[in-house]
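Q: Sequence:
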Amino acid sequence: MTWYLTLRGADDYSRMADTGAVLSWLLACPQLQQSGPQSFMAAEGLPWLEVVLAQADAQGNYHTGAALPDRINVIEFICSSHAPAVDAEALACQLARHLGWGVHEDSEGRRLCAPGDGVEV
Numbered sequence: 001m002t003w004y005l006t007l008r009g010a011d012d013y014s015r016m017a018d019t020g021a022v023l024s025w026l027l028a029c030p031q032l033q034q035s036g037p038q039s040f041m042a043a044e045g046l047p048w049l050e051v052v053l054a055q056a057d058a059q060g061n062y063h064t065g066a067a068l069p070d071r072i073n074v075i076e077f078i079c080s081s082h083a084p085a086v087d088a089e090a091l092a093c094q095l096a097r098h099l100g101w102g103v104h105e106d107s108e109g110r111r112l113c114a115p116g117d118g119v120e121v
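In the numbering used here, the protein residues as written are 1 to 121.
Treat the hints with care, since some could be wrong.
Derived DEER-like restraints, expressed as beta-carbon distance ranges [to be verified]:
id: 1; residue 1: Gly65; residue 2: Gly20; range: 15 to 21 Å
id: 2; residue 1: Leu27; residue 2: Gly109; range: 30 to 36 Å
id: 3; residue 1: Trp48; residue 2: Trp25; range: 18 to 24 Å
id: 4; residue 1: Arg15; residue 2: Gly36; range: 23 to 29 Å
id: 5; residue 1: Ala83; residue 2: Gln59; range: 24 to 30 Å
id: 6; residue 1: Pro30; residue 2: Thr64; range: 31 to 37 Å
id: 7; residue 1: Asp57; residue 2: Ala114; range: 30 to 36 Å
id: 8; residue 1: Ser14; residue 2: Pro47; range: 16 to 22 Å
id: 9; residue 1: Pro69; residue 2: Gly45; range: 28 to 34 Å
id: 10; residue 1: Gly36; residue 2: Gly109; range: 16 to 22 Å
id: 11; residue 1: His82; residue 2: Ala21; range: 30 to 36 Å
id: 12; residue 1: Glu44; residue 2: Gly100; range: 28 to 34 Å
id: 13; residue 1: Ala67; residue 2: Ser107; range: 16 to 22 Å
Simulated from the structure, these hints should not be mistaken for laboratory data.
For glycine and all other residues, C-beta sits at the position ideal for the given N, C-alpha and C.
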């Protein structure tokens with residue numbers, strides 16, 4: 001079973017980030033390895049995790065498989081319910097703070113960090 005952490009800069013998905021900058025941050029992260037043009041997975045030996053970069057519409061709907069856009073407005077952390085949540089949540093918040101975005105777990109209505117918390121940009 002899986003659950004999702006959604007990183008976004010605005011609730012209506014109107015705030016974009018440069019894809020190249022996000023890719024650079026993710027590629028420098030030792031906990032992750034790139035698994036496709038717009039996806040990453042946990043490094044070997046770590047709990048299962050997939051990270052997807054996308055450009056969503058105003059409702060948050062997106063698709064993958066096409067060419068990665070120059071700018072993105074959503075990053076999904078797809079997490080295993082059989083792994084400790086704290087690791088994925090900490091990593092998601094680090095990236096969100098770097099972007100000035102927030103992290104949401106929508107099924108439980110949790111906001112782990114709000115847009116602008118500890119902005120590094």
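Q: Each hint needs a verdict: does it hold in this structure or not?
A: Hints, verified against the model:
1. Gly65 - Gly20: 15 to 21 Å: 20 Å Cβ-Cβ, so the 15 to 21 Å window holds.
2. Leu27 - Gly109: 30 to 36 Å: holds, 32 Å
3. Trp48 - Trp25: 18 to 24 Å: Cβ of Trp48 to Cβ of Trp25: about 21 Å, so the range 18 to 24 Å holds.
4. Arg15 - Gly36: 23 to 29 Å: holds, 24 Å
5. Ala83 - Gln59: 24 to 30 Å: At 29 Å between Cβs, range holds.
6. Pro30 - Thr64: 31 to 37 Å: At roughly 24 Å between Cβ atoms, Thr64 and Pro30 fall outside 31 to 37 Å, so the hint is violated.
7. Asp57 - Ala114: 30 to 36 Å: With a Cβ separation near 22 Å, Asp57 and Ala114 fall outside 30 to 36 Å, so the hint is violated.
8. Ser14 - Pro47: 16 to 22 Å: violated, 33 Å
9. Pro69 - Gly45: 28 to 34 Å: holds, 32 Å
10. Gly36 - Gly109: 16 to 22 Å: violated, 30 Å
11. His82 - Ala21: 30 to 36 Å: holds, 32 Å
12. Glu44 - Gly100: 28 to 34 Å: holds, 31 Å
13. Ala67 - Ser107: 16 to 22 Å: Violated, at about 30 Å.
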